[in-house]
Each structure stands twice: as structure tokens, then as C-alpha cells.
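These protein sequence lines are chains A and B, in that order. With the first sequence counted from 1, adding 276 to any position gets you my numbering. With the second sequence counted from 1, adding 275 to any position gets you my numbering.
Any given hint could be a false lead.
[To be verified] Partial list, derived from the structure: chain A residues whose beta carbon lies under 8 Å from chain B: (1) LYS279; (2) LEU282; (3) ASN309; (4) ALA322; (5) GLN324; (6) ASN333; (7) PRO359; (8) TYR362; (9) LEU505.
[Said to hold, decoys possible] Far from chain B by the CB rule (all over 12 Å, computed), these chain A residues: (10) GLY278; (11) MET289; (12) GLY291; (13) TYR319; (14) PRO381; (15) ALA449; (16) SER509.
[To be verified] Interface residues of chain A toward chain B, partial, derived using beta-carbon atoms under 10 Å: (17) GLU297; (18) ILE299; (19) SER303; (20) ASN312; (21) TYR323; (22) SER361; (23) ARG366; (24) TYR368; (25) GLN393; (26) LEU397; (27) ALA401; (28) LEU475; (29) ILE522.
No lab work stands behind these hints, which were simulated from the structure alone. Built from N, CA and C at the ideal position, the CB exists for glycine as well.
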Amino acid sequence: MGKNSLASLQKIMMGYLLKGETIIEQSVVEQGNVSNQTRLNIYKNAYQARLKEVIDNDHPILGMYLGDDLFDEMVAGYIDYSPSSYTSLRDYANQLPLFLTKQKPFNQHPIISEIAQFERLLLDAFDAEDANRYTKDDLLKLSPSDWLALTFRFHPSVQLTSFEWNCVESWQALKKETAPDPAFKKSNNWLLWRNPERLTQFRSLSEEEVILIRMILNGDNFSALCESLYNNSNADDVSVLALNYINSWLDDGILRSFS
Amino acid sequence: MWVVRLVRNDQRGGALSSAVNNSLPEHFLGFGLGLRTDHFQEVIDSKPPVDWFEVVSENFMVNGGKPKHYLHSIREFYPMVMHGVSLSIGSTDPLNKAYLKQLKVLVNELQPEWVSDHLCWTGAHQVNSHDLLPMPYNNEALNHIVDRISHVQDYLGQPILMENVSSYITYVESEMTEWEFLNEVAKRSGCYILLDINNIYVSARNHNFSAQDYLNGISKDKVRQFHLAGHTDYGDYVIDTHDHDVADPVWALYKAALQRFGMMSTMIERDDNIPPLQDLITELNIAKTIAQDTLNYGIK
Numbered sequence: 277m278g279k280n281s282l283a284s285l286q287k288i289m290m291g292y293l294l295k296g297e298t299i300i301e302q303s304v305v306e307q308g309n310v311s312n313q314t315r316l317n318i319y320k321n322a323y324q325a326r327l328k329e330v331i332d333n334d335h336p337i338l339g340m341y342l343g344d345d346l347f348d349e350m351v352a353g354y355i356d357y358s359p360s361s362y363t364s365l366r367d368y369a370n371q372l373p374l375f376l377t378k379q380k381p382f383n384q385h386p387i388i389s390e391i392a393q394f395e396r397l398l399l400d401a402f403d404a405e406d407a408n409r410y411t412k413d414d415l416l417k418l419s420p421s422d423w424l425a426l427t428f429r430f431h432p433s434v435q436l437t438s439f440e441w442n443c444v445e446s447w448q449a450l451k452k453e454t455a456p457d458p459a460f461k462k463s464n465n466w467l468l469w470r471n472p473e474r475l476t477q478f479r480s481l482s483e484e485e486v487i488l489i490r491m492i493l494n495g496d497n498f499s500a501l502c503e504s505l506y507n508n509s510n511a512d513d514v515s516v517l518a519l520n521y522i523n524s525w526l527d528d529g530i531l532r533s534f535s
Numbered sequence: 276m277w278v279v280r281l282v283r284n285d286q287r288g289g290a291l292s293s294a295v296n297n298s299l300p301e302h303f304l305g306f307g308l309g310l311r312t313d314h315f316q317e318v319i320d321s322k323p324p325v326d327w328f329e330v331v332s333e334n335f336m337v338n339g340g341k342p343k344h345y346l347h348s349i350r351e352f353y354p355m356v357m358h359g360v361s362l363s364i365g366s367t368d369p370l371n372k373a374y375l376k377q378l379k380v381l382v383n384e385l386q387p388e389w390v391s392d393h394l395c396w397t398g399a400h401q402v403n404s405h406d407l408l409p410m411p412y413n414n415e416a417l418n419h420i421v422d423r424i425s426h427v428q429d430y431l432g433q434p435i436l437m438e439n440v441s442s443y444i445t446y447v448e449s450e451m452t453e454w455e456f457l458n459e460v461a462k463r464s465g466c467y468i469l470l471d472i473n474n475i476y477v478s479a480r481n482h483n484f485s486a487q488d489y490l491n492g493i494s495k496d497k498v499r500q501f502h503l504a505g506h507t508d509y510g511d512y513v514i515d516t517h518d519h520d521v522a523d524p525v526w527a528l529y530k531a532a533l534q535r536f537g538m539m540s541t542m543i544e545r546d547d548n549i550p551p552l553q554d555l556i557t558e559l560n561i562a563k564t565i566a567q568d569t570l571n572y573g574i575k
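Kindly generate the complete structure, drawing on both the sequences and the hints.
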């Protein structure tokens with residue numbers, strides 16, 4: 277066999293790491309007591325161990341939910357399914373929730389993908405962009421004439437999501453090292469964000485609040501929010517209700533700015 | 276903050292004192308540690324006696340949150356150098372422009388003393404192995420890497436440091452030694468060298484070459500930093516694991532490196548089985564003492 281070009285050598289080395297192709301052995305010099313297979317295995321083991329460690333660190337509760345054997349099966353499957361195209365391992369498991377919706381036996385239990393998705397959103401909230409937050413003092417500086425056209429923006433860490441199963445409750449139970457309930461269907465909405473102390477938080481949302489948050493994301497102003505509440509709620513005074521929501525968002529630290 | 280001061284110890288006539296240049300090089304930062312998540316809060320709270328920190332660039336290529344908060348809080352009190360693992364300078368894939376842009380943004384944010392990465396490739400065909408894979412040491416690879424380093428240096432507006440990696444295989448495609456290759460890369464590209472003493476030891480054991488030959492083959496004026504780290508010894512071979520204390524043979528090689536290259540910015544890398552910060556500082560003091568004794572300096 278002739279000597280490989282650099283490109284060819286890299287191609288066959290990647291073939292070994294990703295698919296176990298052994299042609300690379302012909303490009304390795306025999307040295308001492310250590311076989312070429314042993315030498316190459318050091319690289320393959322490191323490749324797989326490193327990716328497994330990333331998934332383990334990113335998805336500790338998913339690992340508890342699955343147990344060791346299924347977790348190992350998931351990791352092996354994901355490493356085959358999704359070679360990393362990222363420069364940072366931070367993003368390596370981004371496609372894990374999608375993988376879990378496709379791959380047996382995981383796709384037969386949709387809650388598993390939802391738990392993975394919830395953990396990825398926690399990560400996104402953890403290291404999202406920083407931004408100044410609005411406080412109640414800032415709100416008090418507004419003149420009454422500013423209110424109707426007032427629009428809001430959320431802090432970059434805010435994540436709005438919905439699930440079809442009791443995945444968050446299961447995640448919480450395992451976090452407290454208690455057994456989760458069996459999986460059951462339950463449409464539910466969640467808000468995740470990083471608070472001013474840089475801690476990741478989440479809470480459930482009513483349908484009414486979800487509508488308001490989606491309106492804000494669409495750029496609707498305070499007047500439109502009040503109108504929506506007027507049409508969809510039984511509250512006597514929708515402006516008070518709207519202010520209550522705004523106060524809770526200010527308490528949570530999820531509003532970035534008024535404009 | 277504790278700052279290293281080195282003064283000539285005239286009372287001690289070390290055998291090597293006449294053989295080395297005892298004036299401190301301008302690029303000497305002192306003795307540093309790798310900044311690790313486990314130690315963030317303690318570093319901020321206690322401002323430990325460490326001269327500088329090395330940060331893994333990719334760990335801070337995030338938009339915000341705790342990682343960036345801690346990084347900038349610590350940067351206020353310590354010099355830093357940036358050490359990357361994903362430049363993949365030897366890959367035949369095109370240079371990753373998005374990565375380089377992120378790197379430059381971080382350089383502008385941190386204003387590090389220097390930026391380093393590894394003389395290796397990490398992936399090809401748009402797949403990243405996230406490992407430091409060895410190059411074949413031949414002219415094709417040499418020309419390829421020199422061109423790419425020049426491009427990176429032009430983009431960053433500064434020379435970078437290239438680190439020797441530990442390796443477990445030698446390709447039949449190699450036509451020169453690793454140190455000849457590294458030296459030529461530095462000479463032709465204008466980059467500097469981050470010499471990892473543990474990696475030299477690990478590769479010397481795995482490939483049965485003389486670590487001293489490696490040191491002797493590297494140009495004295497090209498080295499800007501030393502790395503020290505632990506490894507795992509399996510008898511027939513050694514793996515660079517960064518999960519142990521620095522081993523005695525590596526301390527001995529460190530001494531030999533000091534004898535050849537003089538006083539050098541030195542740091543300890545620990546990436547797994549991370550001990551309390553004080554344990555690493557104690558280990559760093561061993562490096563300092565060896566440097567002091569080897570080069571006949573008093574360190575205050």
C-alpha cells in the first residue's frame with residue numbers, strides 16, 4: 277500500500293473512529309510490545325468516553341430515569357446517529373431529544389424525549405446572553421400616557437415550552453431522589469429562565485399566561501394584552517389582572533426592557 | 276494578590292548558573308493553573324496565590340450566564356492566557372471561520388497574554404472527534420500547517436503558540452521526528468511553542484524516543500510556556516489523562532527543560548479527578564521550587 281495524502285489519512289482515521297474501519301492499521305508503524313490495535317483503541321475509547329461524559333453531564337436526570345443499561349444503549353445509539361459537527365462539546369447533544377423520538381425503544385415512551393428536551397432548555401437558559409432586567413422602579417418612572425403603547429421584551433434566557441407528558445414532574449421527583457409517577461399524558465406549559473442571581477428557574481404556566489407571553493413574543497403592546505384578557509377572562513378589571521402578570525414577571529426577573 | 280518575584284540568589288552558586296541566562300524573559304508570567312469550574316467561587320472569594328490562569332477557550336464561547344460572569348470576575352484580578360482545543364490546525368477541512376470569529380471575540384473580551392492551541396487535527400469532513408489527533412510528520416503536513424497558522428495569526432493579529440500533543444501511534448507517512456516538525460512549523464510560521472513536558476514524556480515512552488533529544492531539538496528562542504500534567508502509566512504504554520498529580524519522571528524532565536530553555540511561564544493542567552484548589556497550589560509550589568533550585572533564583 278502506498279503512502280496516504282494528508283486528506284486520505286484523515287479520512288481513514290475518521291472512518292476508524294466513527295465506523296471501526298480498520299484500514300488505518302496499515303498506516304501505523306509497528307512499535308515495541310504494544311500492538312497497533314491497542315494503540316488505535318486508545319483513540320477510539322477516548323472518542324466514545326468523551327462523548328458519553330458530555331451526555332452524562334448534560335442529562336443527569338434522564339440518566340436516572342433510564343437506568344444504566346438503557347442510558348448506555350442510548351449513548352451508543354446517539355454517538356452512531358449524530359457525529360459531532362460542533363467545535364464545542366456544549367452543543368454535542370443538541371439533537372438528543374430528536375433522536376429519542378426516532379429510535380426504538382425510546383420512541384415508544386415519548387416522555388423520555390421530553391425529559392431530554394427539558395434538560396437541554398435548562399442548559400440554554402444557563403448560558404444564554406446576559407441583559408439588563410427591568411425592575412419595578414423602572415416601571416414607576418413611566419408616565420400614564422406611555423402605557424397603552426408599551427411593548428415588552430423577555431430576557432434572552434427565557435424559554436417557553438409545552439409538553440404532552442408529565443416529564444417535568446418526573447424530573448422534579450428524580451431530582452429529589454424519589455420515584456416518579458408512571459408516565460401519563462398531560463398537556464402543560466413551562467417557562468424557564470435564569471434569574472438575576474444566575475440560577476436557572478422554571479415554573480408552570482396557565483393557558484392565559486401562555487397567550488400573553490406569545491403575544492409579547494409577537495411584539496403586541498400592553499393595550500393588546502388588555503384586550504386579549506378582556507375577551508378571554510372573567511376578571512372584573514383586566515388592567516389589574518394585566519398589572520398582576522407584569523408584577524410577577526418583574527419579580528421573576530424575566531423582562532428585559534420596555535420600549 | 277500574590278505576585279511571583281524572582282531575584283538572583285547570589286548566595287547559591289548552582290552548577291548551572293553560568294550555563295543559563297538568569298535575566299527573566301519579558302514573556303515570563305510566573306506560575307499558573309488551569310481555571311476549572313470547581314474552583315471558580317474559591318478563586319473569587321480567596322484570591323489564591325497563583326500568578327495567572329489558563330482558560331480553555333471553548334468553555335467560554337457561550338453568550339453569558341455563570342461561565343462568563345466568573346471568567347470576567349476572575350480576569351479582574353489575574354492575567355490570563357487562552358488555550359484552545361478546536362482550532363484543528365492540521366485538518367484538511369477549511370479553517371472554521373465561525374470558530375475563528377468566536378475566538379477573536381473572546382480574545383478582545385479577555386485581552387489574554389497569548390493564545391495557544393495544539394499541533395494536531397481534531398476532525399475532518401465536518402465531523403469533530405473532540406480529540407487531539409496526531410499529524411503525520413512530513414512535508415505535505417508541514418506546508419499545510421504553516422499556511423494555516425499564518426492565516427490564523429493574520430486574522431487574530433498576533434502570533435499564537437502551538438502545543439505538542441501526546442500520541443499513541445506513529446504513521447508510516449511520517450518522514451521526520453515530531454520535534455523536527457514542531458521546530459520547523461515554528462520557524463516558518465512565526466508562531467511560538469507551548470511545550471507540554473508531560474506530553475513529551477508520554478510520547479517518548481509510547482514511541483521509545485529520548486525525551487532529552489526532543490528538548491535538545493527545539494529552538495530555545497521559540498518556547499513561551501510549559502505545561503505540566505499527570506498521566507496514567509499502563510506499563511507498556513502511557514496515557515495522557517490529566518487526572519493525577521505530576522509524576523516524578525515528568526518533574527525530572529521539567530528540570531531538564533528549565534536547564535535548556537531557562538525560566539519559563541509554567542502551569543499545571545488538571546482536567547479530571549480535580550482536587551481542592553489548595554492541593555494544586557501546593558503542586559504548583561513544587562514547580563516553583565524546582566525552577567528556583569535549577570536556575571539559581573530566589574523566588575519571593
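So, going through the hints one by one against the coordinates:
The beta carbon of LYS279 of chain A comes within 5 Å of a beta carbon in chain B, closer than 8 Å, and the hint placing it at the interface holds. Taken as an interface hint, LEU282 of chain A checks out: its beta carbon lies about 5 Å from the nearest beta carbon of chain B, inside 8 Å. Annotation: interface hint on ASN309 of chain A holds; nearest CB of chain B at approximately 5 Å, less than 8 Å. Given hint, ALA322 of chain A at the interface with chain B, holds; its Cβ is 6 Å from that chain's nearest Cβ, closer than 8 Å.
The criterion of a C-beta within 8 Å of any C-beta in chain B is not met by GLN324 of chain A, whose closest approach is roughly 10 Å, and the hint is violated. The interface hint given for ASN333 of chain A is violated, since its Cβ lies 11 Å from the closest Cβ of chain B, which is over the 8 Å cut-off. Because the smallest distance between the Cβ of PRO359 of chain A and any Cβ of chain B comes to about 4 Å, under 8 Å, the interface hint for this residue holds. At its closest, the beta carbon of TYR362 of chain A sits 6 Å from a beta carbon of chain B; the interface hint therefore holds under the 8 Å criterion.
With a least beta-carbon distance of about 33 Å to chain B, the hint placing LEU505 of chain A at the interface is violated under the 8 Å criterion. The Cβ of GLY278 of chain A does not lie farther than 12 Å from every Cβ of chain B; its closest approach is about 10 Å, which violates its non-interface assignment. Its beta-carbon lying about 6 Å from the closest one in chain B, MET289 of chain A breaks the requirement of being farther than 12 Å from that chain. Listed as outside the interface, GLY291 of chain A is inconsistent with that label: its C-beta sits roughly 10 Å from the nearest C-beta of chain B, within the 12 Å cut-off.
The beta carbon of TYR319 of chain A is not kept farther than 12 Å from every beta carbon of chain B, the shortest such distance being approximately 6 Å. Its beta-carbon lying about 27 Å from the closest one in chain B, PRO381 of chain A satisfies the requirement of being farther than 12 Å from that chain. For ALA449 of chain A, the non-interface assignment is confirmed: its Cβ lies about 26 Å from the closest Cβ of chain B, beyond the 12 Å cut-off. With 12 Å as the threshold on Cβ separation, the claim that SER509 of chain A sits away from chain B holds: the shortest Cβ distance comes to roughly 35 Å.
Interface hint at GLU297 of chain A: violated, since its Cβ lies 13 Å from the closest Cβ of chain B, which is beyond the 10 Å cut-off. Because the beta carbon of ILE299 of chain A sits about 13 Å from the nearest beta carbon in chain B, more than 10 Å, this interface hint is broken. Look at SER303 of chain A: its Cβ gets to within about 5 Å of chain B, closer than 10 Å, so that hint holds up. Against a cut-off of 10 Å between C-beta atoms, the interface hint on ASN312 of chain A holds, since the closest Cβ of chain B lies about 7 Å away.
A cut of 10 Å between beta carbons decides the hint on TYR323 of chain A: the least distance to chain B is about 5 Å, and the hint holds. At its closest, the beta carbon of SER361 of chain A sits 5 Å from a beta carbon of chain B; the interface hint therefore holds under the 10 Å criterion. Of the supplied interface hints, the one on ARG366 of chain A holds, with its beta-carbon coming within about 7 Å of a beta-carbon of chain B, less than 10 Å. Evaluation of the TYR368 of chain A hint against chain B yields a held restraint, the C-beta minimum of about 8 Å falling below 10 Å.
About 19 Å separates the beta-carbon of GLN393 of chain A from the nearest beta-carbon of chain B, more than 10 Å, and the hint is not met. With 10 Å as the threshold, the beta carbon of LEU397 of chain A stays out of range of chain B, its nearest partner Cβ sitting at about 14 Å, so the hint is violated. Below 10 Å, beta-carbon pairs count as interface contacts, and ALA401 of chain A has one with chain B at about 8 Å; its hint therefore holds. The criterion of a C-beta within 10 Å of any C-beta in chain B is met by LEU475 of chain A, whose closest approach is roughly 9 Å, and the hint holds.
Hint status for ILE522 of chain A relative to chain B: violated, with the closest Cβ pair at about 24 Å, above 10 Å.
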